[in-house]
Amino acid sequence: MDRLEFRHVRAFLSVAQHLHFARAAEALDMAPPALTRQIQEAERLLGVRLFHRSRRAVTLSAAGEAYLGEASAAFEHLRRGRELAA
Numbered sequence: 000m001d002r003l004e005f006r007h008v009r010a011f012l013s014v015a016q017h018l019h020f021a022r023a024a025e026a027l028d029m030a031p032p033a034l035t036r037q038i039q040e041a042e043r044l045l046g047v048r049l050f051h052r053s054r055r056a057v058t059l060s061a062a063g064e065a066y067l068g069e070a071s072a073a074f075e076h077l078r079r080g081r082e083l084a085a
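Residues in the sequence shown are numbered from 0 upward in steps of one, following numbering that gives the first Met the number 0.
Calculated from the structure, these hints are not laboratory results.
Please read all numbers here as calculations on a predicted model, not as lab measurements.
Be careful, since some hints might not be right.
Said to hold, decoys possible - Computed Cβ-Cβ distance ranges for the label pairs, DEER-style: (1) R55 - R2: 28 to 38 Å; (2) D28 - H76: 16 to 26 Å; (3) S53 - L83: 37 to 47 Å; (4) A61 - A21: 20 to 30 Å.
The beta-carbon is built from N, C-alpha and C at its ideal position, and this holds for glycine as well.
Input sequences plus hints: build the corresponding full structure.
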């Protein structure tokens with residue numbers, strides 16, 4: 000896979016919202032290891048770390064903070080487009 004996909008953006012936004020991988024995975028109705036793989040793929044494709052991870056916390060990196068606004072706007076545009084098409 001050579002490009003970022005919708006599923007990567009959705010996974011990123013969920014982790015950014017919850018700042019917890021297990022809760023983000025639950026919100027997306029997926030297994031935590033699958034969510035972790037999607038975030039790792041997104042980071043590889045973007046060439047940056049989106050999150051700082053420790054045993055106790057998940058926080059957005061500087062790159063993650065910068066990406067959050069654009070990813071949120073793109074996701075919202077797709078959502079509105081789907082509503083308009085329906």
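To see whether the hints hold, each was checked on the structure:
1. In this structure the supplied range 28 to 38 Å holds for R55 paired with R2, their Cβ-Cβ distance being about 33 Å.
2. The hinted range of 16 to 26 Å is satisfied by D28 and H76, whose Cβ atoms lie roughly 23 Å apart.
3. Look at S53 against L83: about 42 Å separates their beta carbons, and that is inside 37 to 47 Å.
4. The beta-carbon spacing between A61 and A21, approximately 24 Å, falls within the hinted interval of 20 to 30 Å.
Every hint, counting from the list given before, is met by this structure.
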